[in-house]
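Listed in order, the protein sequences are those of chains A and B.
Numbered according to this note's numbering, the first sequence spans residues 8 to 308.
Numbered according to this note's numbering, the second sequence spans residues 8 to 308.
A portion of the hints provided could be inaccurate.
[Said to hold, decoys possible] Some chain B residues near chain A, calculated using beta-carbon distances under 8 Å:
1. V66
2. G91
3. Y93
4. T95
5. N190
6. N191
7. S194
8. K211
9. L224
10. P228
11. V259
12. R262
[Unchecked claim] Below are the DSS-like pairs computed for lysine-lysine, each with C-alpha atoms no more than 30 Å apart in a straight line:
13. K211(A) to K198(B)
14. K198(B) to K29(A)
15. K198(A) to K92(B)
16. K29(B) to K198(A)
17. K148(B) to K92(A)
18. K198(A) to K116(B)
19. K198(B) to K304(A)
20. K266(B) to K304(A)
21. K293(A) to K304(B)
22. K99(A) to K266(B)
23. K293(A) to K293(B)
24. K92(A) to K211(B)
25. K148(B) to K304(A)
26. K99(B) to K211(A)
27. K211(A) to K304(B)
28. K265(B) to K211(A)
29. K266(A) to K265(B)
30. K29(B) to K304(A)
31. K265(B) to K265(A)
32. K222(B) to K99(B)
33. K304(B) to K304(A)
34. K304(A) to K293(B)
35. K198(B) to K266(A)
36. K304(B) to K148(A)
37. K265(A) to K148(B)
[Said to hold, decoys possible] Sample of chain A residues at the chain B side, in silico, Cβ under 10 Å:
38. N190
39. E213
40. S223
FYI, nobody ran anything at the bench for these hints, they're computed from the structure.
Every residue, glycine too, gets a C-beta built ideally from N, C-alpha and C.
Protein chains: 2
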Amino acid sequence: MSNSVLVVGSVAFDDVETPFGKRVDAIGGSAVYFSVAASHFSNVRLVGVAGQDFPEEIVALLKKHSINLEGLEIAEGKTFRWGGKYYTDVNKRDTLYTDLNVFASFEPKIPKTFLQTPFVFLGNIQPALQSDVLNKIQKPKFVALDTMNLWINTTRDELMKVIRRVDLLFINDTELAELTGHNNPYSGLRKLHELGLNYIVLKKGEHGAMISNGKSLFISPAFPVLQPTDPTGAGDSFAGGFMGFLTANGGVNWRVLKKALVYGSVMGSLCVEQFSIDGLLNIQRKAIQARFDDLRKLVTL
Amino acid sequence: MSNSVLVVGSVAFDDVETPFGKRVDAIGGSAVYFSVAASHFSNVRLVGVAGQDFPEEIVALLKKHSINLEGLEIAEGKTFRWGGKYYTDVNKRDTLYTDLNVFASFEPKIPKTFLQTPFVFLGNIQPALQSDVLNKIQKPKFVALDTMNLWINTTRDELMKVIRRVDLLFINDTELAELTGHNNPYSGLRKLHELGLNYIVLKKGEHGAMISNGKSLFISPAFPVLQPTDPTGAGDSFAGGFMGFLTANGGVNWRVLKKALVYGSVMGSLCVEQFSIDGLLNIQRKAIQARFDDLRKLVTL
Chain A
8 MSNSVLVVGS VAFDDVETPF GKRVDAIGGS AVYFSVAASH FSNVRLVGVA GQDFPEEIVA
68 LLKKHSINLE GLEIAEGKTF RWGGKYYTDV NKRDTLYTDL NVFASFEPKI PKTFLQTPFV
128 FLGNIQPALQ SDVLNKIQKP KFVALDTMNL WINTTRDELM KVIRRVDLLF INDTELAELT
188 GHNNPYSGLR KLHELGLNYI VLKKGEHGAM ISNGKSLFIS PAFPVLQPTD PTGAGDSFAG
248 GFMGFLTANG GVNWRVLKKA LVYGSVMGSL CVEQFSIDGL LNIQRKAIQA RFDDLRKLVT
308 L
Chain B
8 MSNSVLVVGS VAFDDVETPF GKRVDAIGGS AVYFSVAASH FSNVRLVGVA GQDFPEEIVA
68 LLKKHSINLE GLEIAEGKTF RWGGKYYTDV NKRDTLYTDL NVFASFEPKI PKTFLQTPFV
128 FLGNIQPALQ SDVLNKIQKP KFVALDTMNL WINTTRDELM KVIRRVDLLF INDTELAELT
188 GHNNPYSGLR KLHELGLNYI VLKKGEHGAM ISNGKSLFIS PAFPVLQPTD PTGAGDSFAG
248 GFMGFLTANG GVNWRVLKKA LVYGSVMGSL CVEQFSIDGL LNIQRKAIQA RFDDLRKLVT
308 L
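Pulled out of the complex, with its shape left as it was, chain A reads as follows (with noise of 0.2 Å):
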């Protein structure tokens, strides 16, 4: 586990209420998910912001998962706080209130020893904000981001301009659309690359993931999950199982993207099914890898 990941993104707490219970003050945050997810592949280095009610228990959780939290900056005010309601179908969810507190204000700030970390993961921050952190690092070999529809509905143009400068973008459908104007994934992503992008993925949910390197597609189904307890943070662990992956290999080719894409798709389905970061936390290597291998038997004839 040598090379590093970077994060930025969102620190939070969550309370969330599902079908199937109720949590309240559960640690969340793209950043969070992301890095724990990640952990389990490759060091990483997570930057953002939390306010004073941050608990040291959970700092040193993550420290212990190898995430380097010295950019992690602790703020005058309160610590971001999401509240959702889901439904018996998943992919309803009602945002209940949104105090982003500490988040509202946030700027970056890197850390020196953070500065050359060669793989890089903007998660759904404000564009301008995601552009100020690329500035910063020094030649990052691989860079990756995710956005959510509000930005593309209120900062196309700085979200277009740093979509140009990344390597990956992770997306899902219904963004995809916004984004782009087509209904049709595969006319969508056919424009993204059209703007020089090089790989997106596509995340569908229950219905699995595809990367597209603009000539070959590939594509992981889900993994079955019985019970999505609680679907928050499946995307960032998505993209942390999947960036972690790129990281611990070094190489990025297209079948290690590949890979990575199942490896994505088992973190996020680690994720939901338990509530906050629970489903992330003290999974051994082996068990994530029989999840790899069930995943690959779904597709194998």
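Following the hints, position chain B against chain A.
Structure of chain B alone, referenced to chain A:
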């Protein structure tokens, strides 16, 4: 091509409007889509009813595709006619009208020469009629059944009776949820296996398909279709490819069923690329095989 598959289902004229155009008097119906798709693999015996307005050219066309029409009754009156409109989101469609015509009093008549057909597909008709057909066929080797929301909601008891008698059920996600009361497809599949069903094929449209034997799952993605012109008949074409391949192969085992699922995906994709049965006609076996190989490459590391 020695083995035969028998299909009972509808024969229809469809008036279809999609974002890509309009087609009036298009030949359709579950038995027709199934037959043409299956005819690329095996001999097909069609049981259905059409009206006196059914064109001789279509009869000649189907016969040319090694579809045995001895079981096609030409009844006094008009052929079943369906009108539908599809939207940019191809999963949404409105039925504009349904004129049952001769199909309203359809009573499947099985020609003597069809009574010993080894493979049987009970297309989407009233469950009581599906049972009648099953009563008549002498010791079929493998029977598959299709259904729809209408029968799940209006004739559930009859439907459950015939489901218990067949080897395989074709079903889509919303039908599975309605039939089992489970939103989670894996819970739904388990419930159906508990009823004694050996095999279930879950069709998920552009998200692919899976087959379950109660212990193992196999998943095939959908073939990437850049312009799904007309989704009408995709499910029946899928079933046609699946059952046609199974019939040609003769023996039924898990490996063959998995390959059949991929051939089903191939024929479904060929169907939706053009209006009516146009995409299924005049396809070379080589082109079908190329698409099968492409589908396998999509999931190959």
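Structure-based check of all given hints:
no.	hint	in the structure
1	V66	violated (36 Å)
2	G91	violated (18 Å)
3	Y93	violated (12 Å)
4	T95	holds (5 Å)
5	N190	holds (5 Å)
6	N191	holds (6 Å)
7	S194	holds (6 Å)
8	K211	holds (7 Å)
9	L224	holds (6 Å)
10	P228	holds (4 Å)
11	V259	violated (15 Å)
12	R262	holds (7 Å)
13	K211(A) to K198(B)	holds (25 Å)
14	K198(B) to K29(A)	holds (27 Å)
15	K198(A) to K92(B)	holds (28 Å)
16	K29(B) to K198(A)	holds (27 Å)
17	K148(B) to K92(A)	violated (49 Å)
18	K198(A) to K116(B)	violated (53 Å)
19	K198(B) to K304(A)	holds (23 Å)
20	K266(B) to K304(A)	holds (14 Å)
21	K293(A) to K304(B)	holds (27 Å)
22	K99(A) to K266(B)	violated (34 Å)
23	K293(A) to K293(B)	violated (42 Å)
24	K92(A) to K211(B)	holds (26 Å)
25	K148(B) to K304(A)	holds (28 Å)
26	K99(B) to K211(A)	holds (18 Å)
27	K211(A) to K304(B)	holds (19 Å)
28	K265(B) to K211(A)	holds (23 Å)
29	K266(A) to K265(B)	holds (23 Å)
30	K29(B) to K304(A)	violated (42 Å)
31	K265(B) to K265(A)	holds (22 Å)
32	K222(B) to K99(B)	violated (33 Å)
33	K304(B) to K304(A)	holds (15 Å)
34	K304(A) to K293(B)	holds (27 Å)
35	K198(B) to K266(A)	violated (33 Å)
36	K304(B) to K148(A)	holds (28 Å)
37	K265(A) to K148(B)	violated (40 Å)
38	N190	holds (5 Å)
39	E213	holds (8 Å)
40	S223	holds (8 Å)
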